[in-house]
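There are 2 protein chains.
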Amino acid sequence: MAKDYDVVILGAGPGGYVAAIRAAQLGMKVAIVEKQYWGGICLNVGCIPSKALLRNAELAHIVTHRAKDFGFTFGTVELDYTVAFKRSRQASDRLTKGVGFLMRKNKIDTYDGWGSFTGPKSLDVALNNGGTETLNFKNCILATGAKTRMLPGVQVTKRIKTYLEYVMADKLPKSIVIVGGGAIGVEFGYVMNAYGVDVSIVEFMPTIIPLEDEEVSKELEKQYVKLGVKIHAGTKVEKIDENDAGVKVSISKDGKTQVLEAEEVLVAIGWQPRTEGYGLEKTGVKLNERGWIAVNEKMETNVPGIYAIGDCTGNLLLAHVASHMGIIAAENMAKHPTVTINYKMMPRCTYCQPQVASFGYTEKEAREKGYEVKSAKFPWQANGKALGLGDTVGFVKIISDAKHGEILGAHLIGPEVTELLPELTLAQMWELTPEEIARNVHAHPTLSEALMEAAEGLEGEMINL
Amino acid sequence: MAKDYDVVILGAGPGGYVAAIRAAQLGMKVAIVEKQYWGGICLNVGCIPSKALLRNAELAHIVTHRAKDFGFTFGTVELDYTVAFKRSRQASDRLTKGVGFLMRKNKIDTYDGWGSFTGPKSLDVALNNGGTETLNFKNCILATGAKTRMLPGVQVTKRIKTYLEYVMADKLPKSIVIVGGGAIGVEFGYVMNAYGVDVSIVEFMPTIIPLEDEEVSKELEKQYVKLGVKIHAGTKVEKIDENDAGVKVSISKDGKTQVLEAEEVLVAIGWQPRTEGYGLEKTGVKLNERGWIAVNEKMETNVPGIYAIGDCTGNLLLAHVASHMGIIAAENMAKHPTVTINYKMMPRCTYCQPQVASFGYTEKEAREKGYEVKSAKFPWQANGKALGLGDTVGFVKIISDAKHGEILGAHLIGPEVTELLPELTLAQMWELTPEEIARNVHAHPTLSEALMEAAEGLEGEMINL
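Protein chains in written order, with the working numbering: chain L, 3 to 467; chain U, 3 to 467.
One or more hints might be untrue.
As the list claims (entries may be wrong) - Cut-off 27 Å, straight-line C-alpha distance, at most; resulting in silico cross-link-like pairs (DSSO-like, lysine-lysine):
1) L:K70 to U:K173
2) U:K371 to U:K337
3) U:K70 to L:K70
4) U:K220 to U:K232
Think of the hints as simulated: they come from the structure by calculation, not from any bench.
None of the values given here were measured: they were computed from a predicted structure.
Isolated chain L, as found in the complex (with noise of 0.2 Å):
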């Protein structure tokens, strides 16, 4: 029998499963129906796992390149890949156990299965255990997400692989070309590195992680390049080549080809949507021109009571702004207050050492915007909390609007940045000016003083530099 609900989502990711919590603390009656990953790639093969996986390459690299540093003296050290690989699978199983209390909690009814949708307001779910539920709705959270994008004419093979092959594996290869110097490329990059591996990154733009600051990705270049990584950036991938003892990757800048002999392969080029077999067709729901879900600020589709969030729909493939989606699409549908996002101001990190941090514009952008750019750049030579930790490479860097005084985007790249940007995109958000952070007294030493002093700068009155 069919059974009815205020609510059903697809896809229990981080978009999803947030969503549905929203939802369900807002009154509703909701279902939320997952096939394989609850808390979806990011929670089961995604970033909890892969910042287990880093926190261990972080802690091995130290312990095999600056021991001497902090005087600290091994007979002899062995790196167990297999106990990092478990750990990963932990901090992942803890998660994802998680979800499933955070259901019962908010009583949220789940579907182990597959829908699929066989009009604008019903779907069956084709469950894992055989059966098949038949489910009607009054609004749907379509939260499907994504699927990695190969380079044309290249499958998963034996020696060429995904993300998801690599966080799953429980041991490396000897050597890798990572094609793709993006967020996952520079991480899994490090991860193979401090474990040994020889790497190569190939990346098409001119610099590795390309969105980013111009001098941010050249500080991040210059410190792999430290690392022993080999970059190729700017470089395009003409083909692949795979025989039983490897693979070689031809490759080609300005007209010179090359060829990189190695193990293995990892493509980590991007991202497609995930819109097939749920019988979209029958709603009616439009995709753009790329194949992705096309949503308004209330992440509606253009079926009324269809919503849509987080990957699929092809704004920012970030986690965090998924869930913030849900929340977003949940309170809109129950009418609640709410509010929009504005997705240039998302923070964005990657989780390598050092560590890269970022909102809003980059200097360039800005620029081209047409914006009288200001910018504040404090390095970590000059913060006292960094010298003692031993980590002083990299800054941060805070731009703003000349005329009013506006935060237009803060590019830093060193230790624990990733845990910086919330004092400058809650001042971003609710219009605080860098004077008013300025005149935030923050704890010394800590690191988040260069936020401070960075925003004096924008002011013209640095203290510490």
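Starting from the structure of chain L, add chain U where the hints point.
Just chain U now, with coordinates in the frame of chain L:
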């Protein structure tokens, strides 16, 4: 011949040197007088070198006690404390040299020597090189700091020491009794424990870090006991006997006495004003009943043109508070727009592991003040980044006033919490509400998400708990 200045500053700690820079930025002719420590206790023998030692200790603890969790096997592990010490001196030297650079850059005249007032508008400097200088001033800032308070009848000896002797020591005793469980006591306790010293901490108040929220103090005590540190809280030191073999510390609790034996004692029970020998009596500057220099919210003493800032005023003895008092003093002197300090809302950090960070009222204080208190707590156990790091001890607690939603304080214990306060203090300072913090999109996965969750909790709508 006497030299004339707009402002002469006595003492080049984080209060004095920052005041000098701000005064110079505002166009004043500035002199600063310092006998020994450019950068003060903080940069020379306090915050900065101790944070370098704490980083060493954090890593030492990981390699000796947690290597297995990360899959690291070491044939042998040797920890050379002399290297930790040298690293701490390098961090200190680098920053103290930086102070010299900043003075030159800002065209501030520096005098290496001891200043004594000859009247309310002049002082003589007995230079370290044997000479004398007479300085006339329109304004003066007293930034003379504080000195260690000792137990009644106890002197520094070969075996009874203060933070100063330990921060400058390149080796550690085998066992120690630390008298005083405040920030200095628990920080040195952490460093020494990590380097294998048998540590006992005796605290007169009912818990260690007694000024913190009770739940935080109890959590830290629990973690210290796990580390093997012996905690004697609610305990009085009756006497300390010293002989060639070591010390015997007689302690009493609830009428029962006990004798702790150890190689040495660290006394860390607090501070007293450093106001003697400056000829203050020639100026007419008044001290308060506890001997600190009394100031108003402009940092003015009772004598026109004479200001005081930092530890010598007894207002929260913290480096960052001193710096901001310095900025405020300089700005008032220059009749430049400025702010006032709400001492209750200043951030406070303790850099052991787990770290402790707080500002504002504890729950108990807020209730005693008559607030209708709301409190929301998010544990690191439920935070993905903390799980990835493998550091899940502790929590974030934010308290607010139920009537108006005003943020009253926050109490954090756990990984990197010293870096998480600025978002909350910014919100408190500029009167943003918990809801406005909850609407700030926090990158996933970060520790900072716990702040957002706690803020959502204050609104009754936590997502991930």
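Going down the list of hints, with the structure as the test:
Between the alpha carbons of K70 (chain L) and K173 (chain U) the distance comes to roughly 18 Å, so the proposed pair stays at or under 27 Å and holds. Between K371 (chain U) and K337 (chain U) the CA atoms are separated by roughly 35 Å; this puts the pair beyond 27 Å, and the hint is violated. Annotation: proposed proximity of K70 (chain U) to K70 (chain L) holds, straight-line Cα distance about 21 Å (limit 27 Å). Distance restraint check for K220 (chain U) and K232 (chain U): the Cα-Cα separation of roughly 14 Å lies within the 27 Å cut-off, and the hinted pair is therefore satisfied.
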